[in-house]
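**Q** Single-letter residue listing:
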Amino acid sequence: MSYRLGVDVGGTFTDLLLVNEKSGQTWSAKVPSTPADQSVGVLTGIRKVCERAGIDPKQIDHVMHGTTVATNTVLTGTGARCGLVTTKGYRQVLQIARSYVPGGLGGWIIYNKSLPMAPLACTIEADERVSAKGEVVRVLDEKALRQSLRTLKSKNIEALTVSLINSFANDSHEKRVREIALEELPGTPVSISSEVVPEMQEYERTVTTVANSYVRPRVDRYVKNLRAKLGEVAEGVKLHILRSDGGLASASSAAEYPVNLLMSGPAGGVTGALWVAVQAGFPNLLTVDVGGTSTDVALIRNGEARLRRETTVGDVTVRASSVDIRTVGAGGGSIAHVPELTKALRVGPQSAGADPGPAAYNRGGTEPTVADANIVLGYLPAMQKLGGDMVLNRELAHAAVKKVADGLGLSVKDAALGIYNIVNENMVGALRLVSVEQGYDPRDYALMGFGGAGPIHSNALSRLLGSWPSIVPPGPGVLCALGDATTAVRDERARTYVRQFSLTSAKEVEKVLKELATDASKGIENEGVAKKDIRTTYQVDVRYRGQGLRLAVNIDLADLQKRGLKAISDQFDAEHERLFTFALDLEHELVTLRAAVQGPGIKIKRTVLKKSGPDPKAAVVAKQKSYMDGKDVTAIVYDRAKLKAGNKIKGPAIVMEMDSTTVILPKHTGTVDVYGNILIYPDGYKARKAPKAAAKATRKPAPTARKPAKAARKPAKGKK
Amino acid sequence: MPATIVQRNKKAFKKTKVDTVTIDIIESALRNARYEMDTVLFRTAMSPGIREQHDEFPMIANTEGKMVVGQFGSFIWGFMDGYDGTVEEGDIFLTSDPYSVNGAISHANDWLMLMPIYRDGRIIAWSAMFGHMTDVGGKVPGSLPTDGTTIYEDGLVIPPIKIFKAGVLNEDVLRVVLHNCRLPQWNLSDFNAITAALRTASARCIEIAERFGDDVFYSAMDAMLERNKRAMKALIRQNVPEKKQHFEDYICDDGLNLGPYRIRCSMWREGDKCIFDFSGTDPQSMSSINFLLNEEMFKMFAGIYMIMVFDPQILFNDGFYDLMEVRIPAGSLLKPLKPAALSCRTHALGRIFDILAGLLGQGNPDFMCGAGFSDSPHFMYSGYDKNGEWYQLYQITFGGIPGKPFGDGPDGHSLWPSFTNVPNEFLESYFPLRIDIYETIADTGGAGKNRGGNGLRIGYRFLEPGEISIHDDRWLTYPWGANGGEPGVRSRKLLQRADGTEELLPSKIDHVKVEANDLLIADTWGGGGWGDPLERPAEQVAFDVEAGLVTVGGARRYGVVIKADGTVDEAATKTLRTDMAKKRGPKKIFDRGFDSIEELKARCKAETGFDPPATPRFTKWAAVAAAALEKKAAKEKKGAKAA
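Read top to bottom, the protein sequences are chains A and B.
Taking the numbering used here, the leading residue of the first sequence gets 1, the next gets one more, and so forth.
Taking the numbering used here, the leading residue of the second sequence gets 721, the next gets one more, and so forth.
Quick caveat, the hints were computed from the structure, so don't treat them as lab data.
Be a bit skeptical, because a hint or two may be false.
With the C-beta cut set under 8 Å, the calculated list includes, among others, these residues of chain B facing chain A [what the hints assert, rightly or not]:
no., residue
1, ALA732
2, PHE733
3, THR736
4, THR740
5, GLU756
6, ASP758
7, SER909
8, ILE1024
9, ILE1034
10, ASP1131
11, GLY1132
12, LEU1135
13, GLU1145
14, PRO1152
15, ASP1163
16, GLY1179
Built from N, CA and C at the ideal position, the CB exists for glycine as well.
Model the full assembly from the supplied sequences, consistent with the hints where possible.
**A** Structure representation (structure tokens):
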């Protein structure tokens, strides 16, 4: 019998989900995280979950793991001391970056730029040059390079990056520099930009490759250690790491390209949410993962998470595919304050974090946080203990919120409601970025709140966006581990391929795409995925010639063969029109070609609840005074474990479970489905009819914007 | 005649009391809408200046046209005064004429578009946006002729017109406009992009009004303005003294060999009101460096500067406009009379920020920044390539951010909001050139406790014959240091011909012919330093030396002696610092790097390789016209008093 295990290591808890690959039966466990050496917690968890399942850990043959090691390394600035080799004349490529100063007009006055991840003192130049077309303009001066590399020896670098100009067009110099570097600095890992991200734009390529080097030694150590420890209890087990794009990487590939893991943690949550939502019959979904300091949101359409071509962690943005997750500095620990001059109510982005945490934690925090407001409002009932054992101090919460109330001249509960409303609004801002701004109408999507505090805000967020139902999955905390366990092996290859349509052909494009697919398949075949089980998808980035944007368009090879490049341009025009309300009559240009390959997923049988009538009376445990929508109400408190399928919970209500609390607002009703999800709808809700037509009506067509384009095309060259 | 607003629904908005939280929510919803305008624009615009460098400015205003969210303050009043027609539902307006909108936009490259946002037959808000077009015709590619003497030479000037009438595009007019531009498809795409951004803002405002009700939306915007006014009132009271402060700075030359042009401003407070008076500013130039400065826009600059320095939490909008008064003499460099050329106004526009730093800083030297990268130098390169295709590059470059009370100035960065450089690999892929050098220049940032950022060096290797233009400044005067900091190093342009000869190029010049394999080394200037350089921790100086941002020789400006192994020679440093402290005079609030213009001009040739420019003089017609205007204004004032 074979088993696979999903493992999510969070700041407080390590969640595990064990799956019997044949029957689909699952078992879960939750143990405290062990930050000093995370593998300790993981092993404790494995023993616990295996005990529950009554199996020997040796029966586990795949472990899928979402990790925040790479992210934390960047956020805490504790990565490797990196060396960098650039083309002569470009030593300061990271120092200059894109010359961008954040913060609007006058923003420079308060802007202090952080130091580059590869210090200038450890950056050397290679005398060489390749043109944008890939011709060698100046051959590499190997002798001079060896000398410069030797100077790096004394700087104690732990990793080296090579990023040369135009290497996306010709990687021969980068490869040669690596050979020489391995001779001169034996034992130092070398990342080259043409392998990590073979795309145009020198700063982005360099910073991405340097980020890779920066987190690499640490991720490598972590993965090796975890693999060794796993080997002790489950010999021969295969370890996979969840990538930012929601696919799985082998442990060795993860250690080599760790820049692809920066969103590994949150991607697990989205994947888990996706899995639950598809099961429940809602393939269009907005996900809201509320943590202590921040909230991650994403959009899932037709059962697939939207991907983005860049990943941002702190003030570092790299070119690596990731699930399009937007993060807003609004979470349970976000601090509310009233600035002296404006007397406005602001929530976040400052956070009380886990330490000291909200005032109610009684660990020395005195600033009012969102969690404190939720306590004042009665959304976290007196009997609720966070994570099962932490008692909340209501008086401290009250005293903290009073500070804000006094500043605003409001009652304490009105101030608390203000905090709750503002933080919801901040989350809505992030949700708009992934929906409305991408041309998707949130009213066509369901919404799922998870993470410990997500279900407190879920109902309110759905109401603000018109996204129904508001779904609260069972065990909102183990969603990430579920995502880890259900993920398929995935890999992709991309290449910058800037060509006007008139200068290339469908045949040429197809040839490159197939090469990329073959290349990408090799990796996952090594993972033991059979050739016949590999699913390949093709994507190209396209724009109108002269534009800076690029839109990703999925390609069906058969369609490309049949209709030629028109198969691409038609789709692009449609997408352009959907996003920006107009299309242009200009020539198209290819920018990047990409092939993604994926192994088969896994079937999981979910626990099905016993069906029952609509009356949830059997699950009632208490009554709680609450303040909702500006009114005092008495909310019925339910124990989630006792709810049955078919139960209807009328708001105002609060549903408790071990690590989470769900708020159901007045005039809303939550229905429990067979999988234990609570689906919240406003009373009297009627599904929107023909959502497509409605979506269209919100966008006015740009009248005749296309026409003058034709007239304007000819005189462009200005020939006399 | 101002514009006539046509509204089907005559019902007035009811001012209601809106609770704080609702105001905050509407505020953040409007802020989101404004950022969404940017996103929509960036993604579909084609001019690299807009798309890559973000030379564009969105705004949402209330029914009266006051900016509620945005950056440069409202330009709706200026437009309404200059437009002689009706404003109706579905209309979108376009203009590129600075003179018709009292400088709301300041050269013809900026296309300004405005849209009244209607709901149920009445205007609930305005959206507006302007962006810099790569080319709008005229005598030189890029439409920024240094030697232009009237606005007619700059390029096509569009008066305020209704480009969409009740939602229908005026195609003929657009065709005429595009026909006069060298890269019409870029203009068209940018035009469409701005239109899409305006419509996005419109949709968002309507949604907010639907959610909260028109009266609440109206009243909340009012409250946002009021909130800002209250905050600014306190800031002005705290930071602007009643005693007059004066400050002056310079534009080095006008491209026609006259200069430096002085910009002078006085600032003082009367009650709650802060007054800025530009009397003493030099007359308008015969060339195109004139900057038609809109008074309201200047208020916004001043307000933002105060907010950023003293309390960055405040959201800025037009609410505080009544608290400021700006006086600019007609016929001066900052209030030129039509038809003076305006295209190269960027230098004076940038310099305004140094003036503000100098003015506001005097009262609070601890909060004052050095002189910075107060310009956006342009580089242009155009011609026909091997295949007979026209290429035309317009690029904004960057330099050293000044040292500031809060830390060092970044090297080779932008003072302008959200501007970014264009990736060199992108340039090399689309234009016949290679960028052989792209680095900041050691020691060009002014020494200070907080170092000024280094200037940027770009080595352009041309691969096709063509013509280049350079628009830069600070080749003669220095970016001054503040509060004990030293000035930064000047700019410089050197052309190395493929045949081995070299020539220095002036800082403002068009039509320089280049051949394949010529190399232009374009150096911008460094930012001024802040605070006493002798107080900068020696290890920090050593760090910069190891990084190559300061040389071993340059470290001595900080009184720091670096040993051969790169570490600090503690003993020698102590001696040198003591010695330097003794020799120098009292701490200077400003260090301009010269004593007087005469003294500066005397060493001009030796230091820069160029003869000093001649003293600016008034154009005759402008002098006469300005005098007439002054007389008229005085008469009106008298009349008003009598009444």
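**Q** Please go over all the hints and tell whether each is borne out by the structure.
**A** Going down the list of hints, with the structure as the test:
{"no.": "1", "hint": "ALA732", "verdict": "27 Å, violated"}
{"no.": "2", "hint": "PHE733", "verdict": "22 Å, violated"}
{"no.": "3", "hint": "THR736", "verdict": "17 Å, violated"}
{"no.": "4", "hint": "THR740", "verdict": "6 Å, holds"}
{"no.": "5", "hint": "GLU756", "verdict": "6 Å, holds"}
{"no.": "6", "hint": "ASP758", "verdict": "11 Å, violated"}
{"no.": "7", "hint": "SER909", "verdict": "6 Å, holds"}
{"no.": "8", "hint": "ILE1024", "verdict": "5 Å, holds"}
{"no.": "9", "hint": "ILE1034", "verdict": "6 Å, holds"}
{"no.": "10", "hint": "ASP1131", "verdict": "6 Å, holds"}
{"no.": "11", "hint": "GLY1132", "verdict": "4 Å, holds"}
{"no.": "12", "hint": "LEU1135", "verdict": "5 Å, holds"}
{"no.": "13", "hint": "GLU1145", "verdict": "5 Å, holds"}
{"no.": "14", "hint": "PRO1152", "verdict": "10 Å, violated"}
{"no.": "15", "hint": "ASP1163", "verdict": "14 Å, violated"}
{"no.": "16", "hint": "GLY1179", "verdict": "7 Å, holds"}
When held up to the earlier numbered hints, the structure conflicts with 1, 2, 3, 6, 14, 15 and fits the remainder.
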